[in-house]
Amino acid sequence: MEQRLANSWRMTVNEKNFIQTALLSDLRTDGRGPFDYRNLTIQFGSEDGSSEVQLGQTRIMGFVTSQLVQPYRDRPNEGTLAIFTEFSPMADPSFEVGRPGESAVELGRIVDRGLRESRAIDTESLCVVAGKWVWSIRIDLHILDNGGNLVDAANIAALAALLTFRRPECTLGGEDGQEVIIHPPEVREPLALIVHHLPIAVTFAFIGNESRVIIDPSHFEEAVMGGKLTATLNTNGDICAIQKAGGEGVMQSVVMQCLRIASVKAADVTGKIKKAVESYKTIRDLKNIKRHPDSVDINNISKDMEKSKLELEKTIDSQTNDMEIESHSSKKDESSWRHSKHKAVIGRPSSWDPYTKVADADELKATLASRAVATPDLKTDVMSHEKQELNVLVDTLRDADPSPLLLVAAEAREEKNKAKTLLDAVKPKHKRKKKNLSNSNGS
Amino acid sequence: MDIERAGGRGANQLRPIDCFRDVLSRAHGSASCSQGETRVLAAVFGPKAGTKKNENPEKACIEVIWKPKTGQIGKTEKELEMILKRTLQNICLLSVHPNTTTSIIVQVVHDDGSLLPCAIHATCAALVDAGIPLKSLAVSLCCCLTESGQILLDPSKLEEQKMKAFVCLVFPSSVNSVLPEESTPATTKSTEQEIITSLTHGVMTVDDYFHCVEQGRAAVAPLSNILKKKMRSQSAGNAVK
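Chains as they are written, first to last, in the numbering used here: chain H, 1 to 443; chain C, 1001 to 1241.
Simulated from the structure, these hints should not be mistaken for laboratory data.
What you are looking at is a predicted structure, and each value in this text was computed from that prediction instead of being measured.
One or more hints might be untrue.
Said to hold, decoys possible - In silico EDC-like links for lysine to aspartate or glutamate, alpha-carbon gap of 20 Å or less:
1. C/1067 with H/96
2. H/228 with H/102
3. C/1069 with C/1081
4. C/1067 with H/92
5. C/1048 with H/96
6. C/1053 with H/102
7. H/287 with H/186
Taking the hints into account, I'd like the entire structure generated from these sequences.
Below, the structure is given as structure tokens:
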């Protein structure tokens, strides 16, 4: 028992007085104004539906996954949304494993109310077979670092993950039309969730005897505050939820002022989230067209037709997962590959390496000459040289994609010629930490 | 008869390893390690006062908490916690802080094969960041065995699922001694021959297992150099901060 007390962190009286006195002159310990948010960065992981949000020192990760389940009895045509918050002991020594504490439950409830009851996520579109099968969306929020104001950051993490999540497409099939077939991402492009609006949570802390209001309290300010108010609202001017659970009483006028400030901040944060999601989407689309670096304009013209093929490519890459540009490594010796300039990019699908296939150029010409148009075939030929394990996928590609494009074949020829000249100028952008142990292997 | 690996990797090639220390502000020590697409975040709190009931109060106690990416904590997580705990008990100097508990929390960010080796590297880096006294660092490697009997190092998730068997090995990292070279060849050989942890899945013959161990041992020196370089380069950056 004494050990727990010895290990817990307590605020000293000096620190408390310092924070309160500084606030009397509208100063905060980290130099912010009373209504300034901390620096917000939103990053995305390699999978769809994973986000990492950093608000000052607070770090939260969000993961979204989906599953087909039976719907609730009273709502047979709606999908379900579940939020799981994990207050990891990593974030704060006072968090314990096992049953979530009060603050964890409160956080989960605030985020849940903001998303579910305001109908931000369209649950009716998640229905597959009414009364039998619906999609259940599960949001896992991992609190990594508690720097204060977990609610706001967790909300942003959940929204960012939901906006970038893609669920697999499924169709009804089978003998009686009741069987649900889930299509893997390489066959059919996964679909995004329908999000009507973005509910943003803004937290206010009341500190001191005069109940000074500050926004986005840091960890130290949270330890000193007398009361807290969280307002969840969207840019349409709707208030989705307000949470003020006890604490010091505040005047009505103060609450109204808080709501007004919150609507301004919500617009700001919404803009940041949308910008981050947009740039993630462009990066993801760029990844799809990375094999054709000088054909961006062609892709824009025929974007819709290309899109399905690009998704196929992208998902193939994400499947193999550690190779962006192939090189003829399988055909060269390991020793010669070590010295070769044309190193494959390993482990970083987000790095942008121009097309480095030179040795393949002749093979490409041969395949192009032999086949009339066949775009997907071209791509599959290119890949089948390198990856034998993709043979199964290649067949499904051919079946699924019947419409070849002359344009893309032409551009492939162009860039293949260009590849020879670009090669000498190419420098590997990232250091490759490859250890070639064939020497030490003693073979 | 070479199996082609995705990304054109050779059978003996590992994915690029990256290691960052001091990523969290509240934890006493933290590190994030990535091997290819696999990413693991580790945080260390400690030493805290007191040990748990059944633990020996003459020594420091190590507590590991493994957090998966999604889903509830089940038996696999408990098993991994136990493996990590016993591995770390070997490399930590437990008698320096008796009657204390050091908590290590491991969070899986993305799993693309070789999860346990990545977790061990992250944990070692986090322990270094926290200043917990260690005997040596641990270096870990995953080897898998194909149907044709070929051994591949550092498999990705897809490769792991297709393989006949795979084994995860943990070795103490090579020690850079300050003593002159001539006096240490015997001792360095003996430390490199230790295997701290070995975890196998699937069926393999005894010969295959020893081949895997040989491959793993050959990788210890280059891997430990890389990890130490990563940790050293970061500390220079921290000094500038």
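Now the hints, each set against the structure:
1. C/1067 with H/96: holds, 13 Å
2. H/228 with H/102: Status holds; Cα separation ~15 Å.
3. C/1069 with C/1081: At roughly 15 Å apart (the allowed maximum being 20 Å), residue 1081 of chain C and residue 1069 of chain C satisfy the hint.
4. C/1067 with H/92: holds, 15 Å
5. C/1048 with H/96: Given that 20 Å is the threshold and the Cα spacing comes to 14 Å, the pair holds.
6. C/1053 with H/102: Judged against 20 Å, a Cα distance of about 27 Å means the pair is violated.
7. H/287 with H/186: Status holds; Cα separation ~15 Å.
Of the numbered hints stated above, the single one contradicted by the structure is hint 6.
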